[in-house]
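Number of protein chains: 2
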Amino acid sequence: MTAAPQFIDLNHHLSPETLARKVNPLKDIIRVVTNNPQLISLANGDPHHSLYPIRRIDYEVASVASDDPVAQWKSLGASAPTQILSTSKDDESKRLLNSALAYGHGAGLSEALRVVTDINIKYHTAPNHVVTMTLGNADAITKCLRMLATPGDSFLADEFTFAPMPMAAEAHGVNWVPVKIDSGGLVPEELERILANWDPKRGRRPHVLYTTPCGQNPTGSTLSQERRKQIYDIAQRYDIIIIEDDPYYFLQYDAPGSEPAHMTKDFAKSLLSIDVDGRVIRIDTFSKIMAPGMRLGWITSHPAFHTHLVKFIDLSTQNPHGFGQILIVELLGPHGWQLAGFDRWVRSLCADYQRRRDFLLALFERDVASTGFASADVPEAGMFIWVRVDVEKHPRFVRAADDATGANVVKTNTTTLMTELFDACIADGLVICPSSVFILPADPRYDDMPSPIDDRSNFIRVTFAGSEETMAAGIPILGRVLKEFFAGSSPTK
Amino acid sequence: MTAAPQFIDLNHHLSPETLARKVNPLKDIIRVVTNNPQLISLANGDPHHSLYPIRRIDYEVASVASDDPVAQWKSLGASAPTQILSTSKDDESKRLLNSALAYGHGAGLSEALRVVTDINIKYHTAPNHVVTMTLGNADAITKCLRMLATPGDSFLADEFTFAPMPMAAEAHGVNWVPVKIDSGGLVPEELERILANWDPKRGRRPHVLYTTPCGQNPTGSTLSQERRKQIYDIAQRYDIIIIEDDPYYFLQYDAPGSEPAHMTKDFAKSLLSIDVDGRVIRIDTFSKIMAPGMRLGWITSHPAFHTHLVKFIDLSTQNPHGFGQILIVELLGPHGWQLAGFDRWVRSLCADYQRRRDFLLALFERDVASTGFASADVPEAGMFIWVRVDVEKHPRFVRAADDATGANVVKTNTTTLMTELFDACIADGLVICPSSVFILPADPRYDDMPSPIDDRSNFIRVTFAGSEETMAAGIPILGRVLKEFFAGSSPTK
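Protein chains in written order, with full-length UniProt numbering: chain A, 1 to 493; chain B, 1 to 493.
Treat the hints as calculated values from the structure; they're not laboratory data.
Accuracy of the hints is not assured; some may be wrong.
Copies of the same chain look alike in the list, so a pair counts if it works inside one copy or between any two.
[Claimed, not checked] Below, in silico cross-link-like pairs of lysine to aspartate or glutamate (EDC-like), each with a Cα-Cα straight-line distance of 20 Å or less:
1) K27 / D423
2) K89 / E60
3) K74 / D90
4) K89 / D58
5) K180 / E226
6) K411 / D448
All figures in this text were calculated on a predicted structure; none of them were measured in a lab.
Build out the structure end to end from the sequences listed, making use of the hints.
This is how it looks when you write it as C-alpha cells:
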C-alpha cells in the first residue's frame with residue numbers, strides 16, 4: 001500500500017488538532033493505566049466487574065456440522081441440532097465476559113477484531129487494512145460520511161439507492177451527485193463523465209463514491225470484475241475514496257436452475273481486494289448472514305481512517321455492545337463454528353436464498369412476465385428483483401414531444417401511473433416498493449442526465465427474502481393488478 | 001404539561017420538512033405493512049427469522065431474593081444464588097426473540113420501552129414524557145446535542161465536566177459556556193448572571209443547559225432540591241432546555257458511618273420530576289447499575305423531542321441491539337427480578353458504593369487530610385471524591401499581584417504545580433485524574449469568571465469505584481507523594 005490518499009479531508013468541526021488537544025488528556029491517562037498494569041489506578045470511574053449481575057451468557061446456535069446447515073436448520077425445526085456457546089465468570093472465558101461487560105476501546109474488543117480480521121483474510125485480499133467494529137452498516141456509513149464530509153461537499157452514489165443513507169449525508173451538509181446505474185450496476189463511463197466535466201461552480205469535485213457492488217439495493221445489480229477495475233481506475237485518477245457497502249457479499253448466486261456451485265467456488269473479488277492505495281473503505285455486517293437485530297458489523301480501512309473512526313466512536317456511541325461481540329468471538333472461536341463452520345453457514349445460506357430467488361423468478365415468469373407488461377433481470381446477488389414496468393404500453397401514458405422542453409424536464413406521466421399502480425396493489429392486498437422512494441436527490445441546477453430520473457422510475461422492487469408462502473400469494477396478485485391496470489381501468493382511489 | 005418549549009430549534013441540516021419529504025416514503029411503506037398484517041408484503045428486504053441461527057439466549061443473573069443481594073453476590077462468589085433468564089424460539093418468549101433479532105423501530109422494542117417506562121413511573125413524576133432507548137449516555141447526549149444544535153450555538157454546562165461530552169458538541173459546531181460549580185454543584189446565581197448579561201455579539205442566547213445533578217463527574221457534587229428548583233425556574237424564565245444526564249441517580253448516599261437508610265427511603269427528586277413544561281430531557285443508563293459494556297440506556301423527553309430523536313436514530317445507529325433489550329425485558333419481566341427486585345438490587349448496590357465511599361474517606365482522613373495539604377467534601381452520590389490540593393502552601397507557588405493583570409488572566413502557577421504532582425504520583429506508582437482534563441473549553445473573549453479556571457484547577461479526581469485493595473494501596477501513596485511534594489522537592493523527571 002502506498003501512502004494514504006491525498007484527499008483525506010476531515011470534518012472541519014473535528015480536526016485532528018482539536019481532537020489531539022482535547023480528548024487525549026483523558027485517553028492518555030486511560031492508556032497509561034492500561035499499558036502499566038503495575039500502576040495503582042484511582043483514576044477511572046468504572047464499575048468493578050464483581051458488581052455486574054451477570055454470571056453467564058449462553059447462546060444456543062445452529063450446528064454447522066452438516067454440509068448444508070441452513071437446509072437442516074429449516075427442515076428439522078425445533079429438533080435441528082444445536083450447540084451452546086457459553087461464556088462464564090467461572091471458567092476460562094471469564095476474561096472475555098468481564099471485558100465485554102466493561103467500558104472498552106472504541107474500535108471493539110481485541111478478540112472481536114481478531115475474528116473479523118480472520119473473516120477478511122479468508123474472503124478478501126487487503127494487506128495493511130485494519131478493522132473497526134460497528135453497530136451495523138447504517139451506523140458505519142453515517143460515521144464514514146461524518147469523517148469524510150465538510151458541509152457543502154458533493155458525494156457520488158448510485159442514482160437509485162437505499163433512501164436513509166443519502167438522508168444521513170444531507171444531515172452533514174453533503175449534496176449528492178447521482179451516477180447512472182443499469183442492470184450491471186453503476187456505469188463507469190457515467191462516473192468518469194461527471195468527474196471530467198465537473199463544474200467548479202458546484203463546489204469542489206467529489207472525493208467520495210458510495211456504492212453497493214453486490215445485489216445493490218434496490219436494483220439487485222452486481223458489478224462485474226471488469227466494472228470494478230474500471231471504477232477503481234477512475235478513483236485513482238480522480239483521487240476518490242470509495243465507500244464499499246457490501247451487505248449482500250455472501251449472497252452471490254449462480255444462474256437460475258443450476259445447483260448452487262458457489263457452495264465451493266470463490267466469492268467475487270471485492271473492491272477492497274483490488275485496493276492498493278488505501279482508498280477503499282469497506283463496510284460489512286452480520287445483519288444478513290446472522291440477524292439484523294444483532295446490530296453488529298465492521299469497517300475495513302486504511303489505518304488513517306481507522307484512527308479517526310475510533311475518535312468518532314469515542315465521542316458518540318462508544319465501544320460496541322459486549323453481547324454481540326461475545327457471540328461472534330465464541331461463534332468463530334475454538335468452541336464454536338470456527339471459520340470453516342462460518343463458511344459452511346454462509347454458503348448454505350446463499351444456496352437457500354438462491355432457491356428463494358429461483359422460486360420467485362418462476363412465479364414471476366408464470367404470472368407477471370406473461371402479461372407482457374413487465375420484465376426483470378435475474379439478480380446475481382442480494383434479496384431483490386427490480387421489475388421494469390412497461391408503462392409506455394399503458395393507454396393513458398403520455399410523452400411530450402422531444403423538442404418541446406429542456407433536457408432535464410420530465411416528459412412523461414410515469415410517476416403518476418406508477419403511483420396508481422402502487423395504490424392498485426395495496427387495494428388488492430399487496431405491498432411492493434415503488435422505485436420513487438429510492439431516487440437519490442440531485443441538485444436540479446446540475447441535472448444533465450440524458451433523461452430525468454422521474455421518466456425512468458417505472459420500476460418496482462420485489463424481495464425474495466420472505467417466505468415461499470408470501471411469494472406464492474403475492475406474485476399472482478401483482479400479475480392480476482398489472483393486467484387490470486394496463487386494461488386501462490380508471491385509477492383506484 | 002403545557003405546549004412544547006418555544007425554543008425547540010432543530011438542526012438546520014435536518015429540518016422536519018426535509019425529513020418528512022424524504023424519509024417518510026419508505027417508512028410509510030413499512031408502517032402500512034406493520035399496521036395491516038392482512039397485507040402480503042414483498043416490500044421489506046428483511047431476512048426471515050427462520051434463518052437466524054440463534055434458538056435460545058440464556059442470561060444467568062444474580063438472584064435478588066435476599067434483602068441485600070449485592071452483598072450476597074460478592075460474598076458468596078461462585079456459589080451465590082442465580083436465576084436464568086431464558087428466551088427461546090420454542091416457547092412463549094418466541095415473539096420477543098424473533099422481534100429482538102429483526103430490524104426494529106428506532107425507539108426500541110415495545111417491550112423494552114415498557115420496562116423503562118415502569119422504572120420511570122416508580123422513581124420519577126413525569127406525566128406525558130415518553131421514552132426512547134439509547135446505546136448508553138454518550139450516545140444519548142450526542143443525539144440530543146445534534147437535535148438541539150445549530151452550528152454557532154452556545155450551550156451551558158458545568159465548568160468542570162466529563163471531557164468527551166463537550167468534544168462531541170464541538171463536532172456539531174457548539175460553543176460551550178461554563179457555569180461555575182461549587183461543592184453543591186452548579187451555582188444557580190451564576191447561571192442567571194450569564195443569561196441576564198448575555199452579549200448578543202456572542203450569537204443567540206444559550207437555549208440548552210447540560211448538567212449532571214447527582215454525583216457530578218468529576219466534582220462528585222449533588223444539587224440540592226432547592227438548587228434544582230432555582231435552576232428550573234431560571235430555565236423557565238430564559239426558555240432553556242435542560243439535558244439532565246443522571247448516570248449516578250441510583251448511587252445516592254447518606255452521611256458517612258450511618259447505616260444506609262436509603263435502603264428504604266426515596267431517592268432525590270430528579271429535574272424530570274419537577275418538569276411541567278416538557279423542557280427537561282432526562283438521560284438514564286444501565287451502565288452503572290448493571291454493566292457498562294451493555295451499552296443500553298434511555299432518554300425520557302417531551303414527545304416532540306422523541307419524534308426527532310427517532311428520526312436521528314433511523315438515520316444513524318438504527319434500532320438498539322436486541323441482546324440488551326432482551327436482557328432488560330426478561331430481567332424486569334414476570335420471570336425475572338421484576339421491578340421490586342430491580343429496586344432491591346439498586347438499593348443494595350447503592351449501599352455497597354456507600355461502604356466503598358466511607359472506606360475511601362477513612363483512608364483519606366488518615367493518610368491525606370492529615371498531611372494538611374489536601375481536603376475533600378463528602379460526596380452524596382456517584383463514584384468520585386474531588387480532592388482540593390492546597391497548592392498555595394507549596395514553597396514554589398507564585399501569585400501575581402491582583403492589579404498587575406486583567407480579570408481573566410492566569411495569575412498563579414497552579415497548572416504547573418498540579419502537573420508536577422500528577423507526574424510525582426505516576427513516578428510512585430499511582431494514577432489519579434488531574435482536574436485540568438475536565439475543564440470545559442470556554443471562549444477566552446468572553447471569559448468573565450471572577451478568576452480563571454486554571455487558577456482554580458488545584459483539584460484531583462479520585463474514584464472509589466475500584467476494589468478496597470486498590471484504595472488501600474493507592475491512598476497512602478497519595479499522602480506520601482503530597483508530603484514529599486510540599487516539602488519542596490524539585491520536580492521529578
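Checked hints:
In this homomeric assembly, K27 and D423 come within 20 Å of each other (Cα to Cα) only across copies, at 16 Å, whereas the closest approach inside a single copy is 55 Å. Taking the shortest Cα distances, K89 and E60 sit within 20 Å of each other both inside one copy (18 Å) and across copies (10 Å). In this homomeric assembly, K74 and D90 come within 20 Å of each other (Cα to Cα) only across copies, at 14 Å, whereas the closest approach inside a single copy is 34 Å. Taking identical chains as interchangeable, the C-alpha atoms of K89 and D58 lie at most 20 Å apart whether they share a chain (12 Å) or sit on different chains (14 Å).
Taking the closest pair of Cα atoms, K180 and E226 come within 20 Å of each other only inside a single copy of the chain (17 Å); across copies the shortest separation is 63 Å, beyond that limit. Taking the shortest Cα distances, K411 and D448 sit within 20 Å of each other inside one copy (14 Å), while across copies they are farther apart (63 Å).
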